[in-house]
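Student: Here are the chains, one letter per residue:
4 protein chains.
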Amino acid sequence: MSPSGLSRNDTFDSPPFNRYPQWVLSKLRPRAVSLIQQVHEWVETECIPAEQVMKAQVEQNTWQTPELMHSLRKKAKSRGLWNLFLPNHFKESPGLTNLEYSCCAEIMGRTYWAAQTMNCHAPETGNIELLAKYCNEGQKQKWLKPLMDGEFSSAYSMTEPDRASSDATNIACRITREGDEYVINGRKLYGNVKYNPEMKVYILMACSDPDNPNPWRRHTMLLVPSDSKGLTIKRNLTIMGYNHAPEGHGEYVYENVRVSKENVILGEGRAFEIAQGRLGPGRIHHCMRLIGQCERAYELALLRCKDPRKTPRGKLIGQFDSNIERLATMRLEIDAMRLVVLNAADTMDARGNKAGRYVIAQSKILVPEKAAKIVDECMQLYGGQGLTQHTPLPEIWTYARFVRVADGPDAAHRHQVGRDQLKTFEATRRRHVQYADKARVLRKQWGVENDEGEFEWEYIPPGEQKL
Amino acid sequence: MSPSGLSRNDTFDSPPFNRYPQWVLSKLRPRAVSLIQQVHEWVETECIPAEQVMKAQVEQNTWQTPELMHSLRKKAKSRGLWNLFLPNHFKESPGLTNLEYSCCAEIMGRTYWAAQTMNCHAPETGNIELLAKYCNEGQKQKWLKPLMDGEFSSAYSMTEPDRASSDATNIACRITREGDEYVINGRKLYGNVKYNPEMKVYILMACSDPDNPNPWRRHTMLLVPSDSKGLTIKRNLTIMGYNHAPEGHGEYVYENVRVSKENVILGEGRAFEIAQGRLGPGRIHHCMRLIGQCERAYELALLRCKDPRKTPRGKLIGQFDSNIERLATMRLEIDAMRLVVLNAADTMDARGNKAGRYVIAQSKILVPEKAAKIVDECMQLYGGQGLTQHTPLPEIWTYARFVRVADGPDAAHRHQVGRDQLKTFEATRRRHVQYADKARVLRKQWGVENDEGEFEWEYIPPGEQKL
Amino acid sequence: MSPSGLSRNDTFDSPPFNRYPQWVLSKLRPRAVSLIQQVHEWVETECIPAEQVMKAQVEQNTWQTPELMHSLRKKAKSRGLWNLFLPNHFKESPGLTNLEYSCCAEIMGRTYWAAQTMNCHAPETGNIELLAKYCNEGQKQKWLKPLMDGEFSSAYSMTEPDRASSDATNIACRITREGDEYVINGRKLYGNVKYNPEMKVYILMACSDPDNPNPWRRHTMLLVPSDSKGLTIKRNLTIMGYNHAPEGHGEYVYENVRVSKENVILGEGRAFEIAQGRLGPGRIHHCMRLIGQCERAYELALLRCKDPRKTPRGKLIGQFDSNIERLATMRLEIDAMRLVVLNAADTMDARGNKAGRYVIAQSKILVPEKAAKIVDECMQLYGGQGLTQHTPLPEIWTYARFVRVADGPDAAHRHQVGRDQLKTFEATRRRHVQYADKARVLRKQWGVENDEGEFEWEYIPPGEQKL
Amino acid sequence: MSPSGLSRNDTFDSPPFNRYPQWVLSKLRPRAVSLIQQVHEWVETECIPAEQVMKAQVEQNTWQTPELMHSLRKKAKSRGLWNLFLPNHFKESPGLTNLEYSCCAEIMGRTYWAAQTMNCHAPETGNIELLAKYCNEGQKQKWLKPLMDGEFSSAYSMTEPDRASSDATNIACRITREGDEYVINGRKLYGNVKYNPEMKVYILMACSDPDNPNPWRRHTMLLVPSDSKGLTIKRNLTIMGYNHAPEGHGEYVYENVRVSKENVILGEGRAFEIAQGRLGPGRIHHCMRLIGQCERAYELALLRCKDPRKTPRGKLIGQFDSNIERLATMRLEIDAMRLVVLNAADTMDARGNKAGRYVIAQSKILVPEKAAKIVDECMQLYGGQGLTQHTPLPEIWTYARFVRVADGPDAAHRHQVGRDQLKTFEATRRRHVQYADKARVLRKQWGVENDEGEFEWEYIPPGEQKL
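Residue numbers (the numbering used here), protein chains in the order written: chain D, 1 to 467; chain W, 1 to 467; chain B, 1 to 467; chain F, 1 to 467.
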């Protein structure tokens with residue numbers, strides 16, 4: 001029985017479960033069903049209705065975590081709705097599979113900051129996963145534990161203004177070793193602002209050995225306390241004009257910043273090894289939440305469609321069959337995106353993060369672009385009002401648009417997928433050569449006189465080519 | 001162990017399995033794995049290489065089933081690769097679930113006529129399902145059995161030239177009862193041509209009771225032998241110029257055609273009941289096969305990308321990163337479509353055809369349109385050659401384009417989905433009213449003075465509206 | 001000779017002229033060439049480089065027109081770069097044709113507020129045109145003259161929160177006559193904010209005669225001073241989060257606002273007559289400027305393409321041929337949009353505003369949607385940076401997106417065009433009947449035996465249908 | 001007065017003139033108006049109604065020019081509707097400008113073969129232009145005159161199966177000089193089939209000097225009589241299955257084909273010079289005609305919209321507002337494409353073919369892709385029927401799709417445009433440096449303290465980069 005006293009079947013016919021595909025429902029363990037249900041109730045009753053209060057508190061104290069957020073975090077933690085994202089193969093994990101957590105994450109996505117109430121927000125999720133995987137015990141005590149306990153917050157510091165950071169080998173921020181310290185010089189974009197006093201540590205990716213012949217061994221990851229001397233923030237970067245307070249996106253200058261050698265993660269020159277390992281579930285939490293955002297936007301579209309106050313040419317918006325088609329298209333595509341994200345989660349559960357590389361890329365490439373289009377369409381249904389603060393749609397759109405460039409623009413991910421695909425050329429070619437060989441036999445056998453036969457398979461390349 | 005002697009894991013790393021999502025692989029029973037493997041080998045070695053011979057034989061005798069087809073059908077049947085499509089809840093079924101069959105159908109889709117070698121082709125699959133579900137024993141003996149044995153072929157006769165048949169209540173072809181016979185008058189489009197002597201029976205949907213106040217009780221389904229007097233074929237309808245021989249698409253005139261009253265299916269006025277029941281797996285077999293067609297087209301694109309003979313501006317086609325992005329986009333979208341189709345199949349397995357209505361519509365709406373776009377892109381990679389008979393791409397595109405209008409244009413399906421969505425309005429509205437109610441409490445509790453508060457939720461409609 | 005001392009031909013090979021099509025260049029009179037050149041130099045040297053100062057001044061005094069703006073307006077006016085938009089058929093006009101002004105407007109579009117320095121900004125342009133066309137002399141002295149002199153600013157007040165205002169017959173804000181005054185009650189969206197003390201008058205469209213059987217005679221336009229008692233502003237409406245200060249978009253409540261009967265424009269019940277007349281050039285000034293905005297965004301994309309600091313995978317952004325294709329596509333589409341806008345202007349010049357209705361709609365429908373897509377693509381080329389304040393792209397995108405809903409969402413305009421198109425049905429049908437008649441004669445003449453002839457033209461409907 | 005006795009103004013309000021933009025109408029000289037009117041009447045009364053007869057005659061004698069075609073050509077020629085395409089700067093020209101001819105060409109496009117009745121069809125138009133420009137007098141007498149008189153037909157032979165011919169430097173078909181003859185060996189695609197006895201001469205582009213260090217001097221153009229020994233046709237290439245009889249698209253083998261040295265055009269090694277010169281109006285005749293094809297398809301869509309026989313859910317197709325929006329979108333986009341094509345023609349008139357390179361590319365890239373989409377949409381409005389021979393839509397779509405790859409796929413043209421655009425980088429960069437310089441001055445002048453100023457223009461690259 002679910003916490004609401006419904007049988008499993010009844011439960012599955014109600015939100016949030018009634019949107020999940022059958023194959024997912026059949027994989028949810030009772031504890032997960034219960035947690036998903038609790039997350040759902042939490043977001044519905046504690047988060048969405050509190051959006052206005054949260055906004056008011058942020059406006060009052062732009063770069064302070066609002067009191068309401070502290071209050072909600074305390075409450076959520078006490079209910080066990082905490083760190084749910086950490087996959088069950090970590091000893092620190094509350095035990096959900098990636099698939100089960102995806103269901104939670106979608107729900108959290110319904111309001112921008114809901115994930116944070118449960119300590120499941122970016123960049124903490126990726127950072128916690130990284131620290132759990134690669135830190136030594138001392139580092140874990142010092143940084144991982146308080147992060148998991150929600151005592152302070154962290155940032156990931158990789159992108160640079162002067163580099164094409166989507167290809168991380170370009171990263172130029174310089175680390176040099178001096179005695180027991182590392183000295184850091186460079187500029188970084190993104191990573192939460194240090195205006196917020198709870199922001200305590202940066203996971204910095206920087207170049208420690210620029211002349212190493214192996215470009216994948218030149219970089220190092222360091223833990224940099226936010227109060228380090230020489231680390232200054234130039235300003236907060238707005239995203240389409242939004243400040244995304246109270247976390248924001250800082251623009252930083254490192255000028256002879258010194259940190260202890262204890263702060264190196266895993267070892268010098270091992271940043272790519274770590275980055276590789278970071279390519280796990282954390283990379284698609286954004287996508288999971290985007291599904292929830294789309295559902296929220298879609299609900300607003302639905303409301304508009306039968307709003308009796310809006311009757312152009314004497315009909316409700318939803319009586320125009322063009323809008324009926326639009327609703328249908330949105331519904332179908334949101335549900336198709338969900339299949340993509342859930343499949344990515346399930347693949348990571350079954351075959352590990354590395355095998356999941358393709359499905360993660362599939363989510364990152366397909367979901368944000370489609371999500372932005374869907375939300376844009378919802379805004380359009382609201383006419384001029386859709387762009388104003390009368391609805392949450394502009395913020396939802398901006399978030400979706402942001403995710404399309406976060407972790408690298410989608411073109412970079414497509415290139416990776418495309419290059420991998422080209423590697424399947426030779427196997428494909430060989431198979432076609434077999435078709436052609438057999439075809440020759442069959443033509444002879446059936447007496448098919450085909451003067452043109454030589455051309456029929458001419459799309460088969462004559463031999464392997466190196467790219 | 002699979003028939004090829006590989007372990008389950010090894011098997012799953014090779015085609016055709018390596019494209020299936022993890023959750024599907026985990027549901028395939030050993031017998032299904034073996035059958036999928038056999039279908040794969042059958043198509044790879046007996047069908048694709050035989051395409052030229054098949055084409056030559058069709059050209060020699062346009063409206064005769066080619067000798068090669070008869071030969072392949074006999075062989076496939078003897079190996080048990082026969083009627084695989086019939087879901088396992090039918091007693092006549094070979095036992096595959098819809099999900100398992102989907103994997104087979106995708107493979108069959110790789111060559112246009114491969115499904116027919118295994119008696120899994122349209123319209124037989126839909127017709128056999130219908131007859132298995134609704135015929136009496138006598139009818140089954142007379143029509144179902146020989147169809148399942150592959151002794152003759154059948155057609156479904158619904159569309160009319162003068163009606164918007166996507167709304168089947170418009171169907172006007174007239175049936176009147178005279179004594180022990182029905183007399184039929186009208187015109188019909190589609191349904192295989194009767195030029196082919198193996199074409200023996202039409203499942204006709206026509207209007208028997210035009211004045212019935214209930215528009216869903218006006219129509220009847222009849223079995224009409226193709227040699228009935230008065231049933232004439234005006235011509236074969238080409239699809240984008242292709243004749244689709246030797247089955248074709250007939251344009252028919254019924255002029256005082258008489259059939260025995262024994263030939264009524266289920267009873268007079270029950271056509272919609274039957275049509276409703278037909279809305280099962282048969283409706284998405286086309287979509288399943290389209291995935292296979294897309295894979296085939298994709299492989300050709302891949303071949304082109306490293307063809308050493310094609311080096312515009314000194315680079316291989318696949319060295320242009322624009323084409324690398326195109327390959328990636330195609331790969332990602334084919335795989336996303338497969339998720340949609342497989343989910344539809346799985347939903348029907350788990351919850352029945354009726355509950356599957358939405359997922360069936362999702363497949364029918366999303367897959368053919370996307371498939372046509374992908375194949376079009378593959379053609380474009382081949383330049384002028386892509387449109388000629390040098391590749392199978394023009395035929396693949398035409399098939400995808402055809403599926404977009406078969407069983408009704410996609411707009412009709414979108415309307416249905418959209419109208420269903422509008423029914424969720426009131427529940428959505430009520431939820432938003434609850435948000436607003438709770439928000440008022442929270443604003444008060446946190447002392448948020450918000451003069452503008454009254455506007456904040458103004459997108460919530462004041463009350464339910466009837467559409 | 002142009003002001004820069006170049007011959008006409010040399011001039012036309014340089015910016016801004018080298019983007020204009022040949023047929024436009026040949027229509028530009030020498031004075032227009034000179035003015036366009038001056039506007040170009042003005043924007044290049046006085047506006048674009050001043051963007052940062054303007055932003056800083058607005059931030060200091062959000063709802064005050066910045067000192068810089070006053071200074072620039074004074075200077076531009078003294079140079080005769082003032083009110084250029086007013087078409088040459090008005091006696092108050094500086095004499096440019098719509099086509100000539102379009103060239104100016106595109107240039108003004110390069111920076112958001114440049115038009116305002118020349119008193120060519122929305123909503124003044126539409127308002128001035130309206131007042132020049134419909135006001136009596138007294139009203140002109142009181143309102144038109146100071147607006148044209150730039151002494152204060154005005155707003156257009158039509159949209160309502162509770163109505164589908166794209167169909168203006170829905171407008172519900174109520175005007176009642178009491179003695180020598182009108183009393184107004186209702187709510188309005190948009191129209192500049194009255195926080196700005198220079199904002200002096202609203203052109204209000206409201207309902208004065210709700211029971212008039214003719215729905216086009218129910219509404220009246222009134223001049224409403226912004227300091228009227230009872231007229232309160234609830235808040236500024238943000239557009240995608242931007243406040244668009246110092247003009248903004250107000251949300252207003254009219255509560256027993258009283259204005260003199262002298263303030264009615266043209267007469268009671270004549271609002272639609274006026275609105276109809278307002279459907280002139282003012283409606284596409286936004287589109288003209290959007291072309292300039294797109295050019296600006298495009299230039300940034302170009303800069304990114306050869307920025308030596310950005311070399312993912314060792315290549316400049318512009319060495320990726322995918323980006324070369326993107327540049328080309330943007331370039332081609334911006335130029336195609338320009339053709340659409342310039343043709344609209346030229347058509348109004350030649351055949352008047354009414355005949356121009358279709359071409360105006362063409363601009364309003366095609367240009368903003370395409371512009372938003374192009375700017376979005378430019379942002380994407382900048383990766384994460386493209387969404388931040390590091391470039392003006394987010395503001396440019398937001399403006400394009402806003403224009404897509406300003407003056408009604410594009411769907412409303414498409415409906416109008418589509419309904420007009422359906423009126424051409426009968427003429428089209430008749431022509432096809434003639435084809436078929438003649439075809440019958442020809443078939444006979446050439447002895448073409450065509451048993452299927454009856455079907456060949458069957459797409460011709462049997463007779464006219466009323467929609 | 002026009003031939004129909006209407007005044008210029010009345011004429012311009014009727015088809016075909018009422019679709020042309022104002023600026024075009026004002027440029028049409030009376031003789032052009034009269035010719036356009038005659039072409040219109042010719043196509044309306046002699047061509048469209050004769051489509052069935054033409055099809056029947058082609059089916060009877062696939063590779064013979066039909067008797068009807070001969071008859072129509074004779075009649076059109078006698079009326080002076082002949083060779084209208086040849087621009088007025090050729091002495092052989094009938095005197096129309098490119099712009100005036102564009103109006104004719106659109107009309108001719110309404111039926112596939114109408115241009116041929118007036119000797120304005122591809123590839124003759126491009127070939128005649130080439131011969132008129134580059135042949136010596138003897139060649140003109142022998143080849144150009146009979147082509148212009150319509151006595152036989154010609155083909156252009158460039159594309160090769162084993163090369164990326166869109167980059168013509170790849171062309172490998174080999175010409176070697178032996179005594180007074182050239183010997184040719186190689187394979188070619190496209191160029192009309194020689195099954196048709198009226199097909200007399202190929203303009204062959206082939207490689208005569210493969211080792212020339214200048215890749216633009218390696219190729220030569222030759223006139224090759226179609227009855228040359230050793231020139232064999234392998235088969236006709238179908239386009240999406242259509243044979244395009246009676247001209248077709250041949251696949252050729254040249255095996256020691258010998259032609260006289262008299263047959264070289266302009267001289268050895270000058271093929272690129274000629275090809276360059278061929279980049280004139282002939283390249284966009286296809287685009288001009290596509291507009292006419294789209295209009296034809298659009299008219300069918302309109303007919304469908306009010307066809308009383310088609311009433312899904314009780315409404316005419318055109319009563320669904322989704323279809324009203326579709327009609328509008330198609331109408332607007334056809335008209336926007338026409339602006340692009342007409343502007344290209346006008347630019348060539350005013351500034352020559354070379355200056356027209358960009359606008360030609362604009363047409364070739366934008367028009368065919370959009371045209372194919374529009375026709376596809378029209379087909380979809382017809383449901384299943386739209387793909388059959390019940391309408392001409394499948395053939396129209398195929399033609400549009402074909403044009404997208406004819407003369408090189410659109411990607412090749414986009415690359416050319418994009419590369420040209422990148423050349424404007426440095427001028428653009430310099431302009432931005434000036435903005436930044438002036439901005440610094442202004443910030444100082446206005447006392448704007450902006451610590452972040454240094455970042456504001458950071459998108460300006462530090463210096464020029466070579467691509």
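Just to be clear, a hint being listed does not mean it is correct.
Identical chains blur together in the list; that is why a pair holds if it fits in one copy or across any two.
Unchecked claim - Taking lysine-lysine and the PhoX-like style, the derived pairs with C-alpha atoms no more than 20 Å apart in a straight line are:
(1) 75 to 438
(2) 423 to 315
(3) 354 to 75
Note that these hints are calculated values from the structure, not bench results.
Predicted, not measured: the structure shown is a model, and the values here were computed from it.
Student: Hint by hint, say whether it matches the structure.
Tutor: These are the hints, each one checked on the structure:
no., hint, in the structure
1, 75 to 438, "between (69 Å within a copy, 17 Å between copies)"
2, 423 to 315, "between (55 Å within a copy, 17 Å between copies)"
3, 354 to 75, "neither (36 Å within a copy, 43 Å between copies)"
The earlier numbered hint that this structure contradicts is number 3, and it is the only one.
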